[in-house]
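Peer 1: Here the structure of chain A is known, so what remains is to put chains B and C with the ligands in place on it, guided by the hints.
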Amino acid sequence: MSQRHPVLTMTAISKIFPGVRALNGVDFRLFPGEVHALMGENGAGKSTLIKVLTGVYSTDAGTITLDGQQVSFAGPMQATAAGVSTVYQEVNLLPNLSVAENIFIGREPRRLGSVNWREMRRRAKELLARIDLHIDVTELLGSYSLAVQQMVAIARAVDVNARVLILDEPTSSLDADEVAQLMRIMRQLRDDGIAIVFVTHFLDQVYGIADRITVLRNGRLVGEYPTAELPQIALVEKMIGKELDALERLDSETDRDRAAIAAGEPFVAADGLGRTGSVAPFSLTIHAGEVVGLAGLLGSGRTEVARLFFGADRADQGRLAVDGAPATIRNPVAAIDRGVAFCSENRRTEGLVGELSVRENIILAMQAARGWLRPVPRRKQDELVERYIKALSIRPANPDMPVRNLSGGNQQKVLLARWLITEPRLLILDEPTRGIDIGAKTEIQRLVAQLSDGGMAVLFISAELEEVLRLSHKVVVMRDRRLVAQLDNDDTLDADRVMRAIASGAEQEGLEKV
Amino acid sequence: MSTARTRLAGVTGHRLFWPLVVLVVLLAANTVYRPSFLSVELKNGHLYGSLIDILRLSAPLILVALGMSLVIATGGIDLSVGSVAAVCGAIACLYISEQPDQNSLGGVLTAVAIAFGIALLLGAWNGILVAGIGIQPIIATLILMVAGRGLAQLVTSGQIITINSEPYKTIGVGHLLTLPFAIIIALAVTLVVALLTRRTALGMIIEAVGGNAEASRLAGVRSRRITFLVYVVSAACAAVAGFMMTANVSSADGNAVGLWVELDAILAVVIGGTSLVGGRFYLSGTIVGALIIQTLTTSVYAMNIDPQTALLFKAVVVIAVCLIQAPAFRARFRRRQAPGVPPAAPVEKQKEQVPA
Amino acid sequence: MTTTPLAARGPRAWWRVPQRQVPVLATLALLLVMYGIGVSQYRAFSNIQVVFNIFIDNGFLLVVAVGMTFVILTGGIDLSVGSVVAMTAMVSASLLGDGVHPALVLLIALLIGPTLGFAMGCVIHFFDIQPFIVTLAGMFFARGMCTWISSTSIPITDGFWTSAAQERIRIGENFVTVSVLVALAVVAVAAYTLAYTRLGRNVYAIGGNQQSALLMGLPVGRTKIAVYTISGLCSAIGGILLSFYTLSGAPLIAVGMELDTIAAVVIGGTLLTGGSGYVFGTLLGVLVLGVIQTLITFDGSLSSWWTKIVIGGLLFAFILLQRLVGIRKK
Ligand SMILES: Nc1ncnc2c1ncn2[C@@H]1O[C@H](COP(=O)(O)OP(=O)(O)OP(=O)(O)O)[C@@H](O)[C@H]1O
Ligand SMILES: [Mg+2]
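Those sequence lines, one after another, are chains A, B and C. For reference, each letter of the first sequence is one residue, going 1 to 514 in full-length UniProt numbering. For reference, each letter of the second sequence is one residue, going 1 to 356 in full-length UniProt numbering. For reference, each letter of the third sequence is one residue, going 1 to 330 in full-length UniProt numbering.
Just chain A, with the same shape it has in the complex (with noise of 0.2 Å):
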């Protein structure tokens, strides 16, 4: 692989932003024909090198050649122009355009100088059918789930004849199926001599993929290395820089004993709830110190059954029963009063404000409960947020930067935080564990633990079967916007068993499909 030329080589980045010096001396170098693994721990400066490359941000220091060329995109224009295309972390899209739009905009078919719709949208649709997803393209993107997004951006950037494709973070809301389907794509173009960089946090995708890997750790290059030479066990010790102790521990203690858990009351109790067009109507319940996992594929309906029990959305039919008490729940406000949190998936729209500094954004939910005539002492208000900081380790540690100055997955966990200091009795955790580091993510896993073994209830969703089974004491399965099956986490249960129920829909007492 030496002797041939790299298409792109960045030497001796530097960037700072005001307060924290984002990437220091970076070298990174990309060969045509491989998939290129940027990794490292959150706030490590994956995105910023991306975005520097980009010409999103101006380099302070360092250069930037492409094909031996030496460049400096004044932006993503000109980059996307010199065959750079990017995919850049959360999805940067437009809601209010169609999907097929969202494809071609910039580059619409036209005839005789005017964009032709007809064509685009047969090539939209043509596009989008080869990664296996067949949608109205006429839509307007924004009526569709993150994940469907997410393909989108990434079909986007699969269209245009680049020579170099960056992907940050692409598969942190996908599933096994889109990943496959990611993979799939990715290895066709490399074969084609397409240059990919991909970021991730899942270790096996980068395992599975990857040639080269180049570790950042707290903006400074760690190193480069093929994938082959470099053990998963040293990889993460490169990115969090120490010996790694205690991260696989957590197996042993999820031996959950759920049968005193549901001996009691249950804390809530949905009987025939659901939502017209959102949700069709569904029973089940939650105990205090249970978790309960709510597993299905992407667009299964698992954010809509969160959302009712939250009151973002409001039931139309069913009842719900909380400490065995009926209970309307027509807003967060209800919620929140009853102790029901609730932690987006969508952190940027629904979840953090992005202006407002971190200390602000993780008392809100506290001080909203409380009413605005009673502020949260200074005091109180420090002590906590210092302490979640550290708990979470969220970096940098400065609660008064605004949140938006954060990486991603400090981002979340500004987010978690906010919902954790309210000490709530039924924690809803949409995808608390997305764009999150690894070391972080076991911190956050060993986090709910602990809660549930203090009493609180815990429905947790996530795409990764994985987590779900070594959290839950019991597996809720969607399907096609339907509760198909209620699982008890036993020894019975593995992601076989579940991955058919999620599949045929069909697995237990009365819940088929109709």
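For the record, the hints were derived by calculation from the structure and aren't laboratory data. Each hint should be verified, as a subset may be incorrect.
[Claimed, not checked] Result set (SDA-like, lysine to any residue): computed pairs, CA atoms no more than 25 Å apart in a straight line:
#  : chain 1 : residue 1 : chain 2 : residue 2
1  : A       : K125      : C       : T197
2  : A       : K390      : A       : G19
3  : B       : K169      : B       : R224
4  : A       : K380      : A       : P399
5  : A       : K380      : B       : R280
6  : A       : K380      : B       : L195
7  : A       : K380      : B       : R199
8  : A       : K380      : B       : R222
9  : A       : K380      : B       : R217
10 : A       : K125      : C       : S276
11 : A       : K390      : A       : R446
12 : A       : K125      : A       : Q188
13 : A       : K380      : B       : R198
14 : A       : K238      : A       : Q188
Peer 2: Here is chains B and C with the ligands on its own, set in the frame of chain A:
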């Protein structure tokens, strides 16, 4: 030496630095034109002078701009403030003019109370349209802006109501503790609003709603209630401003009171550093902004420039203040001055934008 | 098995009106209802000429509102339009008064607006200052220029201008003026531009999310400057139409017109936050304002203050109904 430099950087980097510089420049220009400008004298226990006049005349604008800051912080805008001021001024004057004894304190207080009550209703109307029905703020308040002018004229029957009431006049031109009464009112309201927003959690919650309404709702904030509230506060501030404007001239002209004050107020808020897309708001900045605009208006009058040409001055000053505050502009400027110093990072403005 | 779940959020029924067209259709329906009320109240209202007169009286407003639609679609706002209209009319009147050839006057008048718009767009884009402020300064500037040119109204007697103003284009029994044709042409060109050109699509993209548009490699800066230039051009055309209409240039004409324009655009279903709306909606919005005016003139008995109150009331009723219809359809 280096500490001195960092301290200097700290001062020039402060949000209020450039607006204050502009204010000082304006005052200096006035002093050059008319050296007596800065003199303040004590007559009959009252302070007099051009500076005091500017303060007194800026009181209504400060009030309106305070309310406007809160509305803008939620991502809204209130175009109806001028009309609300006109309606309230007209109602107060009408009530007083119908009193047998226009100088009775009780009558004036009742008049003010009635008009204030009406203002709260008008604010509630705006609040319901925006927060309850979900109409875009600019249109919702445009309705009251248009209809309110009509209402004010209806109250005065299209005439100019002249009154002769000492207590009412005090609101505009009276003195208390050597200072004009209007300044004291403006100060008091400023204090109340500041305490209300910064000593309680109201300020932060308003900023959260303005920054990302859906996220705030899901965090348990009663976003609609907050939005409703700010329009009521804005109308209340406008009403007090209306009292001052009419008391200043002891008459109410439904057509003229508070005309275009909404634009001045919005300008004051923006010059003060608050963004029109909502989110963070800065009351101190708003007040400096209001002072800049009033100083400009007053100087233009003092220099006998005709009001239309005066608009050109306003345009220049507004653009100048915004330019020197704009990070993008300063970055350009600095780059040219000192090559090698890195330009500032592109400012990420979009409000729900949380780039990773 | 992989395909169904992702597809689960497709369209619900074939007859469903696309969501983004609901506001425009609601406006259309309500406009027809309002017109129906007018016809049932006043017999003369049913005369087609009434409709044509609405176009004749509001041609310049329509043109300016079209320009404003571009700006609002990007999430911006242009407060300078009223003053630019006045300035264009003033410049035309004063140049014509000096005996300059009408063709040259037309050219100059058509250049002023876009130039100012271009300048404002540049300040907005390069220095990242809020459009509200920049265009407010532009408004002050243009209005100041008006009085600088002349503090009193200047009449126009030029032959080309008067014939353009008085030319009646017959349609059966009735007639329209040149202005109406110009205005409709502007509407058509704008609708085409927004729907079928890259510029137009980029306008929607920026309104949807400027940051995303930037990251997707779209020419954000160029587009933003372009929309303010377009708005300036439309204001210039509007100014010329206005000078046809009044055959004069007056320094204080079209004060507050920016608010009428914004109201028309928003009533037409365009979101002030940008990214969603149609030129056709703006046309309807202008018609709504026109019908309200006409209703009031037909009544004829209202004092000036009652007129304002009634305008406010009708505006409110209209927007309220529009909301209700919109919610129902969702
Ligand atoms: N616009 C900004 N202003 C200030 N600081 C920033 C900005 N963008 C990023 N940073 C900081 O730069 C550092 C690197 O962030 P970056 O987004 O590159 O991390 P990352 O490696 O992509 O992490 P993650 O895995 O969480 O996405 C972080 O400390 C972050 O807080
Ligand atoms: Mg990142």
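Peer 1: Are the hints correct? Go through all of them and say.
Peer 2: Here's how the hints hold up against the structure:
About 21 Å separates the Cα atoms of K125(A) and T197(C), which keeps this hinted pair within 25 Å; it holds. With a C-alpha separation of about 19 Å, the suggested pair K390(A) and G19(A) falls inside the 25 Å cut-off, and the hint holds. Of the supplied pair hints, the one linking K169(B) and R224(B) is violated, its CA atoms being roughly 38 Å apart against a limit of 25 Å. For the proposed pair K380(A) and P399(A), the alpha carbon gap of about 13 Å is at most 25 Å, so the pair holds.
For the given pair, K380(A) sits about 23 Å from R280(B) by alpha-carbon distance, which is consistent with the 25 Å threshold. Between K380(A) and L195(B), the direct Cα distance comes to roughly 20 Å. Compliance with the 25 Å bound is thereby established for this hinted pair. For the suggested pair K380(A) and R199(B), the alpha carbons sit about 15 Å apart, so the restraint of at most 25 Å is met. At most 25 Å may separate the alpha-carbon atoms for a hinted pair to count; K380(A) and R222(B) meet this at roughly 23 Å.
Pair hint K380(A) plus R217(B) holds up; C-alpha atoms about 24 Å apart against a cutoff of 25 Å. Among the hinted pairs, K125(A) with S276(C) is consistent with the structure: their alpha-carbon atoms are about 24 Å apart, no more than 25 Å. Simply put, K390(A) and R446(A) have alpha-carbon atoms about 15 Å apart, close enough for the 25 Å limit, and the pair holds. Distance check on the hinted pair: K125(A) and Q188(A) sit about 20 Å apart at the alpha-carbon level, within 25 Å; holds.
This hinted pair checks out: K380(A) and R198(B) have alpha carbons roughly 17 Å apart, not beyond 25 Å. For the suggested pair K238(A) and Q188(A), the alpha carbons sit about 30 Å apart, so the restraint of at most 25 Å is broken.
Of the numbered hints given earlier, the model fails hints 3 and 14; all others are met.
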